[in-house]
Amino acid sequence: MKIGNIEVKVSIIAIAVFVIFTIFLVVASLNSPDVRSQLIWLVPALFMLLVIPTALNYMSRSQYADIAPVYEAQAKTVRIRLINESMVGKPVRVEGVVERVHFQILNRPQYVVADRSGAISVKMFTSPDEDVKVNDLVEVLGQVIRRYIVVGDPVINCVSIRKIKKS
Amino acid sequence: MAAIPPDDSQQERHSDKNIYRWLELAVPLLSFGGALLAILFIVTRTMVDFRVTILGCILASWVLAYLAWIRPRKDIVALTTPIYSFIFIAVPTDIFSSLVLELLYATSLTLLLIRLKYRFGIPGIALSDRKDLAEPLRTYVEQTEATCTGISPETAHRATLVFVRFAEGNYEDAARVAGGVAGQMEGAGVSSCLVRAFKIVKDHAALLDTSSPRPHTFLTFSPEDAGQLAKSGPVPPGDQEFDTILDNALLLLYSVAWTASERDRAHLLVCQPFAQKLLMEV
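Those sequence lines, one after another, are chains P and S.
As numbered in the numbering used here, residues 8 to 174 make up the first sequence, in order.
As numbered in the numbering used here, residues 239 to 520 make up the second sequence, in order.
Please keep in mind that the hints were generated in silico from the structure rather than gathered at the bench.
Quick caveat, the model's predicted, so the values are computed rather than measured.
Idealized CB from N, CA, C, for every residue including glycine.
Certain hints may be false.
Below 30 Å or equal to it, Euclidean Cα-Cα: the simulated DSSO-like pairs (lysine-lysine) are [as the list claims (entries may be wrong)]:
1. K312/S to K97/P
2. K16/P to K172/P
3. K469/S to K97/P
4. K130/P to K170/P
5. K130/P to K437/S
6. K170/P to K83/P
7. K97/P to K437/S
8. K255/S to K130/P
9. K83/P to K355/S
What the simulated footprint calls covered on chain S by chain P, stretch by stretch (three residues with Cβ under 8 Å from a Cβ of chain P suffice, anywhere in the stretch; the number is not a length) [claimed, not checked]:
10. 443-454
11. 503-512
Excised from the complex, chain P in its bound form (with noise of 0.2 Å):
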């Protein structure tokens, strides 16, 4: 769904909660009238399932659009190898293969992109312009963080992964 010229993605969890709530309601509202007496409020609290995530999706990723040049400007080309505690709070771009996709069914994947020099966990906190899968060769840009805020190894908090093509 396309709202703007932001692409809004639903995850499949949002979905699954709406169909589910929703079947409930259909068997509740059959079997009892005091449940159909409520629908006025039911079937509204219910597209709100729906809703809530989509615009959520809508905010996070128009954000991303907007900062995602600002750090095209910015991050410079490094080898994951350097990357380091000392690093943090600065805007990189790494190119690498992804060699693991995590939780991508709840739009907040988290890749491994590797290159040569090592590997580096990335952390995305909205969904992706395009469908990153394993083995692709990516280009990402981010800024490093640490995993758990203020302890951990570095990572990458991605604002944007795009695929690049292999040469």
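Use these hints to put chain S onto chain P, whose structure you have.
The following block gives chain S in isolation, referenced to the frame of chain P:
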């Protein structure tokens, strides 16, 4: 800074290991011990507040959280177990459900302990919190101490500056300072391994600053520098050689800075994890 005699530190490490072993044993002993006590109360029909037995699980949670805290890699699940234990005691249940919960919780704590031991390393101080150099960096710095004779504190301070700026990703600054020192030293007629290290870091930092790819030809160390380099073994030409040359140059600057500029050691300790990474990764 006075070094700790090796015997004392070894003894200290040995007693620490014993304490950790006892603490690790305490987790299943306390948690399952509490559950067993609860069974005993039921069997003997002793009239006590049943929640007394839950104290075993609470104490075990705190011990597990402590064992997670003292590891350089933190396990957030083990760290938060004391919170769960309080929820556990705060929610009133009947005796039988409470006993089942206790047994399940004790099993979970034991599994978390095994996970902690095998996936989160051994207890110790995080590299960034250390007040001294850890191995193998310490050995390398000691081996290269001879390189530092005759190096002025000003040059060593600039070596710190170059290393720290490079670690922070401020490549423009690193290239500028490294180029300046190399130029000055060459102007004074010095042609040493250290000058080459400054020039190599300058070249690499300048390339990184402009996000440029690896050039076909690049500056390398001389064969006679091998004794002062951290990685002197043969490496395949190309990308790996290019990376190894940079690692060697940065590590040499770190060693010089540590040995000849004591006032900069606090800054160098902050960057120690990066130096260790350069030294240990192939």
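To see whether the hints hold, each was checked on the structure:
The hinted pair formed by K312/S and K97/P meets the criterion: a straight-line CA distance of about 23 Å does not exceed 30 Å. The hinted pair formed by K16/P and K172/P meets the criterion: a straight-line CA distance of about 24 Å does not exceed 30 Å. In summary, the hint linking K469/S to K97/P is supported, as the alpha carbons are separated by about 28 Å, within the 30 Å threshold. A threshold of 30 Å between alpha carbons decides the hint, and for K130/P with K170/P the separation of about 16 Å falls inside it, so the pair holds.
Only pairs whose Cα atoms come within 30 Å are accepted, and K130/P paired with K437/S is rejected, the gap being roughly 36 Å. Taken as a hint, the K170/P and K83/P pair is honoured in the structure, with Cα atoms around 18 Å apart against an allowance of 30 Å. For a cut-off of 30 Å, the pair hint linking K97/P to K437/S stands: about 25 Å separates their Cα positions. Between K255/S and K130/P, the direct Cα distance comes to roughly 36 Å. Violation of the 30 Å bound is thereby established for this hinted pair.
With a CA separation close to 38 Å, the supplied pair K83/P and K355/S exceeds the 30 Å bound. For the segment 443-454 of chain S, the assignment as covered by chain P holds, since 3 residues bring a beta-carbon within under 8 Å of that chain's beta-carbons and 3 suffice. Requiring three or more residues with a Cβ within less than 8 Å of a Cβ of chain P, the coverage given for the segment 503-512 of chain S holds, as 4 such residues are present.
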